[in-house]
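Use the sequences and the hints to build the structure in full.
Mapping of the sequence shown onto our numbering: residues 94 to 485, in sequence order.
Since the hints were derived computationally from the structure, they do not count as laboratory data. Among the clues, some could well be false.
[Said to hold, decoys possible] When the alpha-carbon atoms are kept at most 27 Å apart in a straight line, the in silico DSS-like pairs for lysine-lysine are as follows:
#1 337 to 323
#2 177 to 472
#3 475 to 177
#4 425 to 393
#5 393 to 177
#6 146 to 177
#7 393 to 403
#8 425 to 403
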Amino acid sequence: MSAAQPLDVQPTPLALLLLGREADPRSERGVECPGDLPAPSDPDLVARARAAKEKLGDRVFVLGHHYQRDEVIEFADVTGDSFKLARDAAARPEAEYIVFCGVHFMAESADILTSRAQQVVLPDLAAGCSMADMASAEQVAECWDVLTEAGVADTTVPVSYMNSSADIKAFTGRHGGTICTSSNAQRALEWAFGEGERVLFLPDQHLGRNTAVRQMGMTLDDCVVYNPHKPNGGLTTQQLRDAKMILWRGHCSVHGRFSLESVREVRERIPGVNVLVHPECKHEVVAAADQVGSTEYIIKALEAAPAGSKWAVGTELNLVRRLANRFAAEDKEIVFLDRTVCFCSTMNRIDLPHLVWALESLADGNVVNRIEVDAETEKYAKLALERMLALP
Numbered sequence: 094m095s096a097a098q099p100l101d102v103q104p105t106p107l108a109l110l111l112l113g114r115e116a117d118p119r120s121e122r123g124v125e126c127p128g129d130l131p132a133p134s135d136p137d138l139v140a141r142a143r144a145a146k147e148k149l150g151d152r153v154f155v156l157g158h159h160y161q162r163d164e165v166i167e168f169a170d171v172t173g174d175s176f177k178l179a180r181d182a183a184a185r186p187e188a189e190y191i192v193f194c195g196v197h198f199m200a201e202s203a204d205i206l207t208s209r210a211q212q213v214v215l216p217d218l219a220a221g222c223s224m225a226d227m228a229s230a231e232q233v234a235e236c237w238d239v240l241t242e243a244g245v246a247d248t249t250v251p252v253s254y255m256n257s258s259a260d261i262k263a264f265t266g267r268h269g270g271t272i273c274t275s276s277n278a279q280r281a282l283e284w285a286f287g288e289g290e291r292v293l294f295l296p297d298q299h300l301g302r303n304t305a306v307r308q309m310g311m312t313l314d315d316c317v318v319y320n321p322h323k324p325n326g327g328l329t330t331q332q333l334r335d336a337k338m339i340l341w342r343g344h345c346s347v348h349g350r351f352s353l354e355s356v357r358e359v360r361e362r363i364p365g366v367n368v369l370v371h372p373e374c375k376h377e378v379v380a381a382a383d384q385v386g387s388t389e390y391i392i393k394a395l396e397a398a399p400a401g402s403k404w405a406v407g408t409e410l411n412l413v414r415r416l417a418n419r420f421a422a423e424d425k426e427i428v429f430l431d432r433t434v435c436f437c438s439t440m441n442r443i444d445l446p447h448l449v450w451a452l453e454s455l456a457d458g459n460v461v462n463r464i465e466v467d468a469e470t471e472k473y474a475k476l477a478l479e480r481m482l483a484l485p
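Right, dumping it as structure tokens:
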């Protein structure tokens, strides 16, 4: 039998792109996504959503996170970031159902802060958060054991980002820590350093590092990264003892994609552009930006921007596109910071078909996809949240 002859097969451009060996020269540079989202399969979905919401009346309160699709935001009673929405839900005790158009940890926070008489619904249970999933209860408990063995647990205060699971919030509450948002991270860290010598910051390393270095005068050497997939987090006992900030190795898949090259490229392409990014971005991106702030900060900055100004925004595409459309009449040019645009894949799991299904089910008396935090977890998670609310 003769030896097999090698096949003369040339990889196609698409194959190279999928293998990560080629770039797409047609990458959109603005805020529109090549191959936009398809139209809903049922043309009556909008009418059905309106009818179900009208039937429910004040019994339902729909929350829409800023990163949601326009087709979903249209039916939100309020919009905002995760903590604002959870507080808004708590302020509506007459609403029997809270439909949270966001991701899982946000719905958990709403359940923690609302009364037992209220039921929180997440239209698609697959709408999770990759950042929140990067810190499990088991991993964080093991980390605390490592800190205990190093003799630093007693002087370490956990500070957990709002973008974390109820289990992590409960761990924080049990160990004397607090929750923070991207807006009040500095206040939370200042409080924590008044309580201990160092901070275990969960689960987003970039927000912790950027806050400590940019706003509190620490150095990058004051920060170490705990990797839950390595023995002892990949750190020595001395590194743990010397550190002021022990940063969990977690990040946001959307904000983590922005690079220093993204900033350089947009400055070359759009002379005079203002680069505005979220503090979940990498430190080098934040250092190269003109302004840095939370989602609410970004919105307010663009509201206050003069007509004719140009902005490259480093945050989720749905929000950037919505702001670009909103301020186009004022001649404000707003583009997505990265050349290749992308949505937050988990946020986008909440679509109009899922929202209609949830609303119609509630209108028919069937509670679907209820998010319910157990009493023990809720007790300690709420304690950590209340510490945040008490911050000056």
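The hints, checked one at a time:
no. : hint       : in the structure
1   : 337 to 323 : holds, 20 Å
2   : 177 to 472 : holds, 20 Å
3   : 475 to 177 : holds, 15 Å
4   : 425 to 393 : holds, 14 Å
5   : 393 to 177 : holds, 15 Å
6   : 146 to 177 : holds, 22 Å
7   : 393 to 403 : holds, 15 Å
8   : 425 to 403 : holds, 6 Å
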